[in-house]
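J.: This is what each chain is made of:
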Amino acid sequence: MNNDTIINTVKLTKYYGKQKGIEEVDLQVQRGEVFGYLGPNGAGKTTTIRTILDFIRPTRGSTTVFDLDTRQHSVEIHRRVGYLNGELALYNDMTGEDLLKYLGNLRGGLDWKYVKDLAARFQCDLPRRIQGLSLGNKQKLGLLQAFMHKPELLILDEPTNGLDPLMQHEFYDLLNETKKAGRTIFLSSHVLPEVEKVCDRVGIIRQGKVVAVETIETLKSHSIRQLEIHFARVVPKEKFSNLPGVRDINVQNNILTCTVVGSLDALVKASAQFEVVNIISHEPSLEDIFMTYYNEGKNNVK
Amino acid sequence: MLNNVFLKTLRDQQRSLLYWALYLIAIAVVMALFYPTISKMTAFNQYLSQLPASVKEMFGAGVVDYTSPVGYFSTELFSFMVPLLLLVFGIGFGANAIAGDEEKGTLGFLLANPVPRWRVVADKFGVLVVSMILLGLFFWGGLAIAASSMHIDISILKLGEATLGSVLLALVFAALAFMAGCIKGSKSTSMGVASGVGVLTYLLNTLGGMVGWLKGYRFLSPFYHYMEPNTLQNGLSPVHILVLAGLVVVFFIISIPAFTRRDIGQ
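These protein sequence lines are chains D and H, in that order. Count the first sequence with our numbering and you get residues 1 to 302, in order. Count the second sequence with our numbering and you get residues 1 to 266, in order.
Be aware that a few hints might be false.
In the EDC-like style, the derived pairs of lysine to aspartate or glutamate whose C-alpha atoms are separated by at most 20 angstroms in a straight line are [stated by the list, open to error]:
hint : chain 1 : residue 1 : chain 2 : residue 2
1    : D       : K11       : H       : D153
2    : H       : K40       : H       : E161
3    : D       : K197      : D       : E214
4    : D       : K20       : H       : D263
5    : H       : K104      : D       : D93
6    : H       : K104      : D       : E214
Hints were generated in silico from the structure; no laboratory data involved. Note that the structure is a prediction, hence the values are computed from the model and not measured.
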């Protein structure tokens, strides 16, 4: 494995008793990329992350981070990693400032000026006790402690949980800066648009198995959308049949609904012949993507 | 400055330690204040001396002369009350140290830092031992000051030895709760196991004093090693102390691989 592979899991498998956790997960995360780990809740994202961090031990398979085996060198790996838990639990009886200082001390000291800058960017109320903080404010503290020691690798489990849109934006900016500095980010999410916005590559996990690893461009070219087009007058259905990538066409009076895979170009051009009043686009759920896109090869959906 | 898990755990414990220390000191002072009244009740002593030996056993070993300072403090403080209070504190702390933090989710958060797991176990166990010793010292201090200011004729040193015995006894069960938490990660299970073993071994020792066939098994009970030497009268017995301290060490040693090898819960 070359130096630029930061995380490498090899047939990583974890069973909990009879229950399946993850099965044969092979992931390679390269230096300097933002890698999204996408899947519905309960698919095994957190299990994968907790195995990489050596909180839980794989039933089979292995993982290296920075070319170090996670079982043998977890302390060294933790030194170089910033981690945000999915279900964030902080020491409630501390203030944010005390917490960050304590964690900083465990890491042998911090650039406190940088921490202050980060806190200002995320509008963190550091002198307040964590107990009284809202979910979003706790999440910001969680992000701060993950980023504050400028780690080479960030492992973030559902990082935007509870963040308002403004803070999400700030977080995306921080991700970009981190990436530009040549550091690596592995983040999990169950929200497709978020992953599309910030990631270079995406691994999709479903029921414990990684079903695809794609670049964002590929993912987008396969992206599916439910569209609803309102016309000024009744439109003939024939004009829309046999358009590439358009399926499930249904016309009721002056409203057309359909599913589009990939480019919208053909549909938009066909619609332009008529007077368009409104276009409504529904983001597909992850489950829709799995059902439509990944089963396509098997049974040629419609 | 909080720069390790030991100091952080001690910090989390400070308020609880303060209340427990005040509580123990209050008990020591109140018990000492009552002594002059008790010492005049010689009739009570006659009544006690007529009790069958097996009933005396239930009161603890020090009932030879209840109205003497040694008899009074042995019975009222060291045969039951002080070890029980220290046990409650110790089991609570022991179960909370690893398993409690694990259930709250803060343990996973801590372990993401460059701190080896064995170090977390060692630091938390260290705070457990230090806390129990501190409580013992506060209790002993309170009792010593109260007893001497009331001119009660009792050895301050022996009071300290008896307190140390109680601390060690409680540490055995606290360490058991701690170890159970390291093995299983459940606070309630740890408390249940340690309290259950505590009750059973307590019964084993007291019943063993009365029931013939049980007598041979009393040595299995930590309470036997605590009660048998009658420390307030005779001072600490090295053999029994070693048994109790040995158990604490063994539980600690098992805790480390138990915790470093297993999966950490949410």
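J.: List in ascending order the numbers of the hints, as given earlier, that are violated by the structure.
T.: 1, 2, 6
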